[in-house]
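Chemist: One-letter residues, chain by chain:
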Amino acid sequence: MSEADTVSLVLFSGTDDKLNAAAILAAGASAMGRRVNVLLQYWALDAFRADRILKDHGAAAEASAEGRAAMERQGGQHWSETFQQAKQIGEVSIHACSHSMEMLGLVMEDLDPLVDGQEGVASFFLDTSGSLTFI
Amino acid sequence: MSEADTVSLVLFSGTDDKLNAAAILAAGASAMGRRVNVLLQYWALDAFRADRILKDHGAAAEASAEGRAAMERQGGQHWSETFQQAKQIGEVSIHACSHSMEMLGLVMEDLDPLVDGQEGVASFFLDTSGSLTFI
Amino acid sequence: MSEADTVSLVLFSGTDDKLNAAAILAAGASAMGRRVNVLLQYWALDAFRADRILKDHGAAAEASAEGRAAMERQGGQHWSETFQQAKQIGEVSIHACSHSMEMLGLVMEDLDPLVDGQEGVASFFLDTSGSLTFI
Chain A
1 MSEADTVSLV
11 LFSGTDDKLN
21 AAAILAAGAS
31 AMGRRVNVLL
41 QYWALDAFRA
51 DRILKDHGAA
61 AEASAEGRAA
71 MERQGGQHWS
81 ETFQQAKQIG
91 EVSIHACSHS
101 MEMLGLVMED
111 LDPLVDGQEG
121 VASFFLDTSG
131 SLTFI
Chain B
1 MSEADTVSLV
11 LFSGTDDKLN
21 AAAILAAGAS
31 AMGRRVNVLL
41 QYWALDAFRA
51 DRILKDHGAA
61 AEASAEGRAA
71 MERQGGQHWS
81 ETFQQAKQIG
91 EVSIHACSHS
101 MEMLGLVMED
111 LDPLVDGQEG
121 VASFFLDTSG
131 SLTFI
Chain C
1 MSEADTVSLV
11 LFSGTDDKLN
21 AAAILAAGAS
31 AMGRRVNVLL
41 QYWALDAFRA
51 DRILKDHGAA
61 AEASAEGRAA
71 MERQGGQHWS
81 ETFQQAKQIG
91 EVSIHACSHS
101 MEMLGLVMED
111 LDPLVDGQEG
121 VASFFLDTSG
131 SLTFI
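Protein chains in written order, with the numbering used here: chain A, 1 to 135; chain B, 1 to 135; chain C, 1 to 135.
One or more hints might be untrue.
Covered by chain C, according to a simulated footprint, are these stretches of chain A (three or more residues, beta-carbon under 8 Å) [to be verified]:
#, segment
1, 46-54
2, 58-69
3, 77-87
4, 102-108
Label pairs and their computed distance ranges (CB to CB) [what the hints assert, rightly or not]:
#, chain 1, residue 1, chain 2, residue 2, range
5, B, Gln74, C, Arg73, 37 to 45 Å
6, C, Glu109, B, Asp127, 16 to 24 Å
7, A, Ala31, C, Gly105, 42 to 50 Å
8, A, Asp127, B, Ala31, 43 to 51 Å
9, A, Glu72, C, Arg73, 28 to 36 Å
10, C, Glu91, A, Glu91, 28 to 36 Å
Here are some chain A residues the structure puts well away from chain C; computed CB gaps all over 12 Å [claimed, not checked]:
#, residue
11, Gly14
12, Thr15
13, Lys18
14, Met32
15, Glu72
16, Gly90
17, Glu91
18, Ser123
19, Gly130
Treat the hints as calculated values from the structure; they're not laboratory data.
No experiment lies behind these values; they were computed from the predicted model shown.
All residues carry an ideal CB built from backbone N, CA and C; glycine is no exception.
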């Protein structure tokens, strides 16, 4: 597997619809044998706090009442479970962005165990020779 | 043309400003000889419903009144026409994400003919060896 | 350095949180020796107007009151300074998208000197053989 096969995801948004979309992409890439590097920034990092990861994080501002109802009707597994599965399937790492950790006043103990560690953006780019996706 | 020349776009947002930006990127990539794979999720998929594609889908929450007025003043062609042109120029495929189809309770007949079919995320990654862009 | 090392960022959003995230990614990529091409569209282009670049551009709609307070508390340097540093560190170009310039009724003199020029999307793709990131 070449470095170009790596899928690098920068998660910025912390709403359940985007995090679900992100988790599905991570699981799909992992299932196809791609290495996945995730960096959590801003509101996505906030959503990975251990004490809040399962709470309702809402949907993007554009979601209609009908759309939100469809999300609730479907239910299905939580995005954190999908990330968990993606990790079980393949090589998926999830890191908190140091800059956002500092901004939100967080330490590693505040985060869900899904998060493997924290790193700066320059360090993240060491592993990012393929595609870079911002969600 | 190598696989790395493929531009893979995951469309999540369904507002007219983002769909217009996406259509312009697809047409630009297509004009430069790049193959373009589009996957429609969530609110972007909803915007491709045959009975709504031409209706007003609003703008991102951050758009100011001044910005929205500029969008209306410019007018110009609809993003669905730009996607149509992108398909005429080059190799552009548009697929609905199976997961979102199920969530929104849609079948292929509900979608605009611009949509070539539906597929799962793992299948989408079979064709995604180059860049992956989330819009 | 191969063309695949280029990081192409299409900036669409004009809120301070996303522009800050974008500036940090540009600086990180630049610090790691990657070439960075930035294309400004829609509300991100509006945020680079010379007479507004330093004003408050708000945060994404999803930001909580707590999150906005954390942004203000941290303070730190403005994203325009981070882009300036990214340019000093390495090879970073910033162009305005011609389509958005026309829509917003702008000419180059309206923009901050950080912006190197304007170009169409097709021209942008001439330099975009690696990853394409939409923010």
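Chemist: Against this structure, judge whether each hint is valid.
Modeler: Cross-check of the supplied hints:
Coverage of the segment 46-54 of chain A by chain C is violated [criterion: at least 3 residues with CB-CB distance below 8 Å; count 1]. Residues of the segment 58-69 of chain A lying with their CB closer than 8 Å to a CB of chain C number 3, which satisfies the three-residue condition for coverage. For a cut-off of 8 Å, the count of residues in the segment 77-87 of chain A with a CB near a CB of chain C stands at 0, and the three-residue condition is violated. Using a Cβ-Cβ cut-off of 8 Å, 4 residues of the segment 102-108 of chain A lie near chain C, which meets the minimum of three, so the contact claim holds.
Separation of glutamine 74 of chain B from arginine 73 of chain C is about 39 Å and conforms to the stated range, judged on CB atoms against 37 to 45 Å. Taking the beta carbon of each, glutamate 109 of chain C and aspartate 127 of chain B are about 44 Å apart, not inside 16 to 24 Å as hinted. The beta-carbon spacing between alanine 31 of chain A and glycine 105 of chain C, approximately 47 Å, falls within the hinted interval of 42 to 50 Å. Remark: the range hint 43 to 51 Å for aspartate 127 of chain A to alanine 31 of chain B is contradicted by a beta-carbon distance near 32 Å.
For glutamate 72 of chain A paired with arginine 73 of chain C, a C-beta distance near 34 Å keeps the hint of 28 to 36 Å intact. For glutamate 91 of chain C and glutamate 91 of chain A, the hinted distance range of 28 to 36 Å is satisfied, since their beta carbons lie about 31 Å from each other. A beta-carbon of chain C comes within 12 Å of the beta-carbon of glycine 14 of chain A; the shortest separation is about 6 Å. Some Cβ of chain C comes within 12 Å of the Cβ of threonine 15 of chain A; the nearest lies about 5 Å off, and the non-interface call is violated.
Some Cβ of chain C comes within 12 Å of the Cβ of lysine 18 of chain A; the nearest lies about 9 Å off, and the non-interface call is violated. For methionine 32 of chain A, the condition that its CB be more than 12 Å from all CB atoms of chain C holds, with the nearest at approximately 18 Å. The claim that glutamate 72 of chain A is not at the interface with chain C holds, since no C-beta of that chain comes within 12 Å of its own (minimum 18 Å). Taking the minimum C-beta to C-beta distance to chain C, about 20 Å, the non-interface status of glycine 90 of chain A holds against the 12 Å cut.
The beta carbon of glutamate 91 of chain A is kept farther than 12 Å from every beta carbon of chain C, the shortest such distance being approximately 19 Å. Not every CB of chain C lies more than 12 Å from the CB of serine 123 of chain A, the least distance being 8 Å, so the non-interface label is violated. The Cβ of glycine 130 of chain A does not lie farther than 12 Å from every Cβ of chain C; its closest approach is about 7 Å, which violates its non-interface assignment.
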